[in-house]
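> Sequence:
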Amino acid sequence: MTTSPLGPKPCSHCQISGPAILPVRYAVVPAGLSASVPAWAKPDTPFPTGDGYDYLLRALRQGFVYVYYESNRQWEGWSVAEDGSLWKQPSAAYARSQKKSDCTMPYHNPTNLEMLILSPAALKGNCWIAFTSAKWRTGTLERYGSDANARKKRMQCVEYWQWTTPANEQRVAQASVEVLNEIADYMTPGPACPVLTLPYNPPVRRISRTDSASPWFYFDEGEVRAQGTLTSWSRRRCEQAQRTIDAMQKQGAGVNRYDKPITQLVVALDDAAGIAHELAGFSDDMAALHAGWLDELSIEFMSVQSLAGARNQIQQMEKALAEKHTLDAFSSTANYGMDKVSGGVIAMVPGADTQRQSALNDLLQRAQLSSEQAGDEALATSWAKYDAELNHDKINAFNTCYEQFCKVIATRMEALHGLRIDWLKSAPFITCSQDFYSTSVEDNLSYREIVDYALASLNLTDTGAQWLDSLINQYSAKSESNLVWRSLLLNNPDVIADMTAYLESLAKSHGKTEKADEASFLAAVAPLAGKLNEAYAGANEALERPATPSSSFSRMMLYCDRRLSTFGDRFFNFTRLGKSLDGLNELLTKSLFQVVSGVSFDNAVQLSLGQLQDGDTFRSQLLEDMKYSGATERRATLNRYKTRFDEFSKIAEGESALKGARIKLLALFFNGLEFKNQLQESKGDSKSHAQIASAFLGTLSTTTEIIEPAVKHGIQNGAGTTSVKFVGTSAGMSAAVINLALDTEALVSEFSSDHCRWIFVGLNGGKVAVDTGLALKSFGGLLEVLENLSLKGAFLEAMGTFLAKNTVARIVSFFASWEVMIGMFLIEQLITYYFGNDLQKWCREGVFGLEPDDKLKSTWQLGPKNPRDKEYDNQQEEYQKALGAVL
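The opening position of the sequence shown corresponds to residue 106 in the working numbering, with each subsequent residue numbered one higher.
Any given hint might turn out to be false.
To be verified - Quick list of in silico lysine-lysine cross-link-like pairs, DSSO-like style, CA-CA up to 30 Å:
(1) 365 <-> 193
(2) 355 <-> 429
(3) 975 <-> 946
(4) 512 <-> 204
(5) 583 <-> 695
Said to hold, decoys possible - Per label pair, the in silico range of CB-to-CB distance:
(6) 586 <-> 511: 40 to 48 Å
(7) 231 <-> 304: 37 to 45 Å
(8) 584 <-> 618: 24 to 32 Å
(9) 846 <-> 516: 52 to 60 Å
(10) 982 <-> 717: 43 to 51 Å
(11) 687 <-> 516: 33 to 41 Å
Quick caveat, the hints were computed from the structure, so don't treat them as lab data.
Glycine residues also receive a C-beta, built at the ideal position from the N, C-alpha and C atoms.
Please model the complete structure; the sequences and the hints are all you need to start from.
Written as structure tokens, this is what we have:
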């Protein structure tokens, strides 16, 4: 392009000319796509193979491209943006990350940034090209520049003669539309196109399916696969191969040193780290599918777990009660019989005491056997009435479908991890990871970025766990292939040398279970305070700086620190640690991970020493605290209360009061228990608050009825008696009114339910009548107190006259009598036993019930996450309420 001398200057990035070469990289994809590695790009050593996966060529991802010219021994560098565009850097050693285009030139042409425009030195001798996800620093450039063997292992050679007579082999081909159309980013969209089949950052898709009829649950096994790619596609290249070829021919025209016209080239570059990361991303996709399944069917999972929990609690409760009742009955019978014959017989018959004890032991054994039988019978029958409300075919279908899904996930994860491990053991990956073998903090973090995510979540499969364990058990970082220990030691040569003795101590103590000696531990842990502590201090300081916008993926990998979750699971797995937690190996491992996680060396050592020193003392103190229970004080208080009670029972005036108090004490106990249960089961809503208030007021009312005779006949304080009675009647009336409102609500709710149970309509109607009677009785008592206080008024006189009428008084007295209340309680228990309680109703109308609610017949129809979560909360709340009522 020609421009006026007075016009704007051409873009220094895209308006340059020279030998043009388009770099692409190898990438892994699920099998079955319409792309593969072309013949000219076949690697010298075949890539690892895995069932269900294949390889193809893609545009470069974010990172750097470095070119070394043999003719002048110079380096050039390009920064690769997220869209795959290539930005020439002023200096290879000081290249900077380029996240996106920042060119403001009017003549900027982004197509020209799809290629490298090399120096004329490329035509005078061989040039070497390499792609890396992280920046190379001076030491790495010098090593590859001076060591031909290392350069050959890491970089791709483009020989000078290939610019004029390319042979389309050895990973170098002449640029053409046909060649570019074999690269995934340039392909025409279609059903098997990688860009569409493996999208970047795809939306979450539901994989489970539900139906209102058999088979109820199913899924498509074909959907259990990789869902997307970690790196974005270069979408502007799609179907634009001809445009790129035209740009290459325009910018890449020229002649070599023999005046022969040169052609434009395409070169395939290794990206072993990118392939390992992509495979790790596929593993994350599989894990996300499982997490998505749990979320999609959250109501079903909650219901299955709740049913199992309810069954266990109810069965154990019924079993314990049956065993206790049987054992108590046998014990009472045995003790009664033996007490009758013990005195005279023991005095007259020699050896009778021994025979008596033997008989008692025999009776006790028979009682225990009988109690166990009764418990087993209760265990077998207590859940039957709830079990009858469930659709077992649907439950079995749900469990079978989930097991099948997990089996598919596990099988494909094992295969996927096997392929990833093959890549992690391969020479290309080990070689590219050693780009960052140095003492530089930046190189240490770059190594972590590459290796840590490549290892992420391998602990989730047997294949991965076994391989990680094999690396851990070597306790050595001397080999470049031991990625676990190299990662923990930051691939820093100084740290590796300094930690050799530490790793040897770990190796010697491996498998030993005896408690560590304090002196031995202090001697072995000392190396942690050296180079490792310094290296991690620098690395953590670098991470604490504000993140730069250069590489979102890079920062994400470092901050997520997937290494700790992956390594920690294997290092601290019980199969490795056993039952010993204070052995030398365990303490050294804990100290290492504490320092790696940012804990200072001194604090890490003190934590381990505290485990050695304070364990016995802590356990002894805990036992002492448990032994002291305050029994002496409670016994003295109990004796004092008993003495007072005996004195009161001997008073003639208190005999009738005590008879009534016995019944009221029982009522008080149940009121207190109800109050406690309401506090524990409160959901914080208005209904819960009303139930708590009713239970409290009922407890208060019963309490005042019990203490009123003592105040009236014992203290003989008229004002006190009136005050107590006023408080009691007011509390009783308030409790009755609240209960009336709650029971009325339950009556209306049951009557208007789609599954109306008429027996419960009658029960709630009776409870409403009793509540009304109690409210009127309490109101009458309150009017009596007010009348005694000489409070006059037309309303009080009218209500007093109304309640005093014989018919009204008899009706109120009948519904408020303790006989009716006990009868209502017994009726409620019988109805609950024979016709079902709230838990039976929840079972029947739940997602696995015989008559599920319409919206629970198929949870698929609940749609998005928010409505599903709301229904989940509703189901959980109803379950907790129903179970609380049963227990």
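> Checking each numbered hint in turn, tell me which of them this model violates, lowest number first.
Result: hints 2, 4 and 6 break, sorted rising.
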